[in-house]
Amino acid sequence: MNVPHREHLDWPFFAPAHADLAARLDEWAATHVAHVHTGDADADCRTLVRLLGAHGWLSHAVAGMAHGGATDVIDTRALCLLRETLARYNGLADFAFAMQGLGSGAISLDGSAGQRERYLPRVARGEAIAAFALSEPDSGSDVAALQCRATLEGDTYVLHGEKTWISNGGIADFYVVFARTGEAAGARGISAFIVDADTPGLTIAERIEVIAPHPLARLHFADCRVPVSQRLGEAGSGFKLAMRTLDVFRTSVAAAALGFARRALQEALERVTTRRMFGGVLADFQLTQAKLADMAMHVDSAALLTYRAAWQRDQGRTVTSEAAMAKYVATEGAQHVIDAAVQLWGGMGVVQDMPVERLYREIRALRIYEGASEVQQLIIARELLKSYAAMSSATTA
9 MNVPHREHLD WPFFAPAHAD LAARLDEWAA THVAHVHTGD ADADCRTLVR LLGAHGWLSH
69 AVAGMAHGGA TDVIDTRALC LLRETLARYN GLADFAFAMQ GLGSGAISLD GSAGQRERYL
129 PRVARGEAIA AFALSEPDSG SDVAALQCRA TLEGDTYVLH GEKTWISNGG IADFYVVFAR
189 TGEAAGARGI SAFIVDADTP GLTIAERIEV IAPHPLARLH FADCRVPVSQ RLGEAGSGFK
249 LAMRTLDVFR TSVAAAALGF ARRALQEALE RVTTRRMFGG VLADFQLTQA KLADMAMHVD
309 SAALLTYRAA WQRDQGRTVT SEAAMAKYVA TEGAQHVIDA AVQLWGGMGV VQDMPVERLY
369 REIRALRIYE GASEVQQLII ARELLKSYAA MSSATTA
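In the working numbering, each number is its position in the sequence shown, counted from 1, plus 8.
What the hints contain is simulated information worked out from the structure, not anything from laboratory work. There could be a bad hint or two in this list.
[Said to hold, decoys possible] Lysine to any residue pairs mimicking SDA-like chemistry, simulated, CA-CA at most 25 Å apart: (1) Lys394 with Thr326; (2) Lys248 with Asp322; (3) Lys248 with Ser237; (4) Lys248 with Val151; (5) Lys248 with Leu386; (6) Lys299 with Gly355; (7) Lys248 with Glu125; (8) Lys248 with Gly355; (9) Lys248 with Thr164; (10) Lys248 with Arg196; (11) Lys299 with Gly354; (12) Lys394 with Met251; (13) Lys248 with Gly122; (14) Lys299 with Gly287; (15) Lys299 with Glu365; (16) Lys248 with Ala380; (17) Lys299 with His344; (18) Lys248 with Asp146; (19) Lys299 with Pro363.
[What the hints assert, rightly or not] For each label pair, taking beta carbons as the anchor points, the in silico distance ranges come out as: (20) Glu161 with Ser309: 49 to 57 Å; (21) Ala192 with Ser395: 24 to 32 Å; (22) Leu386 with Thr282: 39 to 47 Å; (23) Pro235 with Asp150: 28 to 36 Å; (24) Ala192 with Thr328: 22 to 30 Å; (25) His344 with Val236: 45 to 53 Å; (26) His43 with Met305: 25 to 33 Å; (27) Met305 with Asp50: 35 to 43 Å.
Since we're looking at a predicted model, the values are computed, not measured. Positions of the beta carbon are idealized from the N, C-alpha and C atoms, including for glycine.
All chains should be built: construct the whole structure from the sequences, respecting the hints.
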């Protein structure tokens with residue numbers, strides 16, 4: 009794969025340190041992660057976490073310089089640049105990086121000093137694999153409807169229930185688990201806990217196989233006893249903590265999709281400029297050129313929205329709508345770009361483990377997890393209507 013152009017790093021969204029970070033990671037990833045594809049997703053994920061930790065990249069996925077973080081507050085633009093770059097080279101490398109951040113994000117945000125010291129340095133060094141256990145069989149997008157329960161008995165919580173679609177399930181060293189503790193109805197009665205993987209009562213009920221293999225499982229909790237000291241924050245604050253954690257990382261999902269799309273466009277360009285056809289090459293045809301132009305517009309649209317949202321978040325602004333727009337446009341656009349790349353590759357595009365075939369499998373889940381595309385549309389519309397109502401009230405006042 010040719011080294012991509014980096015003109016977008018000159019955009020005003022970035023500081024010089026961001027461009028340097030992206031360039032260093034690009035050079036490193038080409039050597040260290042581009043070819044980690046053994047077919048054993050568990051082993052590959054463990055290898056990638058160790059590599060990313062040993063070379064310092066995971067320090068950008070946790071907050072707190074005292075606990076191994078690159079900065080005291082997670083730099084959203086750095087997070088996005090790292091995910092975009094890793095996704096271009098290896099979808100599982102992006103997954104490994106992202107889950108270290110998402111899986112430990114609640115600890116970065118609301119962990120006690122002891123919790124941060126115990127878990128975050130090991131996450132940053134790649135010595136402990138993290139997981140975020142929120143979804144359940146009957147509550148995915150509707151988080152407030154979760155049913156896993158944690159009952160307080162003295163100084164111990166007893167967990168009963170299930171979690172599913174848990175990334176890193178089966179290989180994680182600890183899980184941040186959200187369970188209903190009953191302080192109030194709905195979202196206000198949920199708390200968060202750090203549950204070590206070897207805690208009695210926690211079992212891996214099922215390993216889930218998906219089209220782009222990565223560690224995924226259904227967890228079962230039965231009389232699983234967790235000390236009160238393992239609760240994150242106050243009782244009943246779990247829903248807000250889950251939303252805050254997702255808010256940090258949602259824009260980076262758009263960045264991963266952008267990385268996939270950039271790789272697909274690069275593969276398409278290499279293919280159409282070398283594939284001989286009718287006395288010329290595929291790139292000579294206007295239909296091909298129109299498709300390439302369309303792909304490039306999707307890529308740049310996604311990049312602009314992604315890094316606008318990342319920049320705004322780093323300025324301390326609320327990015328509910330901007331992050332939703334970025335995720336929607338980037339993931340839907342990447343699906344379009346990758347499909348076009350497969351088409352331009354012809355029959356070779358559907359050969360197993362060819363780069364564009366892997367991308368075709370990898371992109372599909374991004375349109376679902378951390379808020380499906382339809383949920384992003386609802387968020388955007390809700391924020392738009394809220395803004396309009398506020399403006400109308402101000403005008404008539």
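Is 49 to 57 Å a correct range for the gap between the Cβ atoms of Glu161 and Ser309? holds, 53 Å
Proposed proximity, Gly355 with Lys299 (alpha carbon, max 25 Å): holds, 18 Å
Does the structure keep Lys248 and Gly355 at a Cα separation of 25 Å or less? With a Cα-Cα distance of about 48 Å, the restraint between Lys248 and Gly355 is violated, given a limit of 25 Å.
So if I understand the rule, the pair passes when the alpha-carbon distance is 25 Å or less; does Lys299 with His344 pass? Given pair Lys299, His344 holds - Cα atoms ~10 Å apart, limit 25 Å.
Holds or violated: are the alpha carbons of Lys299 and Gly287 at most 25 Å from each other? Roughly 20 Å between the alpha carbons, so the hint for Lys299 and Gly287 holds.
Given the range 22 to 30 Å, decide if the beta-carbon distance of Ala192 to Thr328 lies inside it. holds, 23 Å
Between Lys248 and Asp322, is the straight-line Cα distance small enough, at 25 Å or below? holds, 20 Å
Please work out if Lys248 and Ala380 have their alpha carbons no farther apart than 25 Å. Holds - the C-alpha atoms of Ala380 and Lys248 are around 19 Å apart, at most 25 Å.
Run the distance test for Lys299 versus Gly354: straight-line Cα separation, threshold 25 Å. Within the cut-off at roughly 14 Å; holds.
Below or equal to 25 Å on CA atoms is what counts here, so check Lys248 against Leu386. holds, 19 Å
Assuming the hint says 39 to 47 Å, is it satisfied by the Cβ distance from Leu386 to Thr282 or not? Holds, since Leu386 and Thr282 (Cβ atoms, about 44 Å apart) stay within the stated range.
Hint consistency between Lys299 and Pro363 [alpha-carbon to alpha-carbon, up to 25 Å]: holds, 19 Å
The structure does not agree with numbered hint 8 stated previously, though it agrees with all others.
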